[in-house]
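Taking my numbering, the leading residue of the sequence shown gets 1, the next gets one more, and so forth.
Worth flagging that the hints you see were computed from the coordinates, not collected in a lab. Owing to the predicted nature of the structure, the values given are computational and were not obtained by experimental measurement. Where is the CB? At the ideal position from N, CA and C, for every residue including glycine. Hints are supplied without guarantee of correctness; some may be wrong.
[Unchecked claim] Below, in silico cross-link-like pairs of lysine-lysine (BS3-like), each with a Cα-Cα straight-line distance of 25 Å or less:
| # | residue 1 | residue 2 |
| --- | --- | --- |
| 1 | K27 | K85 |
| 2 | K85 | K123 |
| 3 | K20 | K35 |
| 4 | K170 | K85 |
| 5 | K20 | K85 |
| 6 | K169 | K85 |
[As the list claims (entries may be wrong)] Quick list of the computed label-pair ranges, beta carbon to beta carbon:
| # | residue 1 | residue 2 | range |
| --- | --- | --- | --- |
| 7 | E151 | L37 | 32 to 38 Å |
| 8 | Q245 | R118 | 49 to 55 Å |
| 9 | Q215 | Y235 | 45 to 51 Å |
| 10 | Y33 | L202 | 35 to 41 Å |
| 11 | G48 | F103 | 25 to 31 Å |
| 12 | N152 | D127 | 39 to 45 Å |
| 13 | P137 | S38 | 39 to 45 Å |
| 14 | D87 | D127 | 15 to 21 Å |
| 15 | N237 | D127 | 46 to 52 Å |
| 16 | E67 | D22 | 18 to 24 Å |
| 17 | E151 | D22 | 26 to 32 Å |
| 18 | D87 | D239 | 46 to 52 Å |
| 19 | R118 | K169 | 19 to 25 Å |
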Amino acid sequence: MAKKKKRIITTKGFGFNQQKLDAGLTKFDRYFYEKRLSEAFAQLRALGESYRDHPDVLVRWCLLYQEVGDYQQCLQMCDRYLTVKPDDPEMLIMRGSACLSNFFIAAAVQTFRDLLQRYPNFKQADDVRKTIAEMQPMAEAEVEAIGLGGENGLELLALHEEAQIALIKKEYEVAHQLEERILEHHPGFPPALNSISQTHWLEGNVQQAIAVSQQVVEQHPDNVYALASLVEYYYLNGDEETARQYLTDFGSHSSSKTGAAPSG
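Please model the entire structure based on the sequences and the hints provided.
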């Protein structure tokens, strides 16, 4: 979508000391527009002590992270904002753009579709439709490359990408549940199982993480993502001998995968 001048969104009525908040936001806005970004970060951190989940603070975090190119943090702040104020079409546009910047193409398309469904007459609706038309072929190509071809492939890829976003946000149970929804349609889908393995590991369920990765390797011996996970799991769990065995397998398969499309 064409880049537009950033506009600060403001909201009222959240039960805080509005005068103090407004003064802090005004100071941030001055720093931001003068490109004094270190001071802008410091100002938002100070505001966050009292107004952590206030929409006027969260939208500025989105803009600031977007400005410095930290698109993962920008996406997280978009989602935090939408948790507080879900009915904001401008933030849905920002979220979709953040998904694109993080290469979550299907999630971006789904976000923009959701926007159009909820706000068909939104002032930027035509721009959003053009963006969807540009991005959809890329998303559909990824659907085929990752092995989700068939009915609802784009929607399932969007679920997988939303699971990756949940992992970024450390929402491990959410990520697990999203991947399970994909497995209902594509049992044994390796990228979903690899993500589930990762959620087990991050939650401290070592044996479950190992079991799921081994399940992938049994069906797909060349799946380098599962092999890499097993190397990590066994090594960090103190079993260096088994880790070395999987490292050998990883090395032999990763060299043959160079330049290949990712398969999760």
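Okay, the hints, checked on the actual structure:
1. K27 <-> K85: 24 Å, holds
2. K85 <-> K123: 19 Å, holds
3. K20 <-> K35: Roughly 23 Å separates the two Cα atoms, so the pair holds.
4. K170 <-> K85: Distance of about 21 Å is within 25 Å: holds.
5. K20 <-> K85: 21 Å, holds
6. K169 <-> K85: Distance of about 18 Å is within 25 Å: holds.
7. E151 <-> L37: 32 to 38 Å: At 46 Å between Cβs, range violated.
8. Q245 <-> R118: 49 to 55 Å: 52 Å, holds
9. Q215 <-> Y235: 45 to 51 Å: Violated: the Cβ-Cβ distance is about 20 Å, outside 45 to 51 Å.
10. Y33 <-> L202: 35 to 41 Å: Because 39 Å falls inside the window, the suggested range holds.
11. G48 <-> F103: 25 to 31 Å: 28 Å, holds
12. N152 <-> D127: 39 to 45 Å: 27 Å, violated
13. P137 <-> S38: 39 to 45 Å: 41 Å, holds
14. D87 <-> D127: 15 to 21 Å: 20 Å Cβ-Cβ, so the 15 to 21 Å window holds.
15. N237 <-> D127: 46 to 52 Å: 50 Å, holds
16. E67 <-> D22: 18 to 24 Å: 22 Å, holds
17. E151 <-> D22: 26 to 32 Å: The hinted range 26 to 32 Å is violated for E151 and D22, with Cβ atoms some 51 Å apart.
18. D87 <-> D239: 46 to 52 Å: 51 Å Cβ-Cβ, so the 46 to 52 Å window holds.
19. R118 <-> K169: 19 to 25 Å: 23 Å, holds
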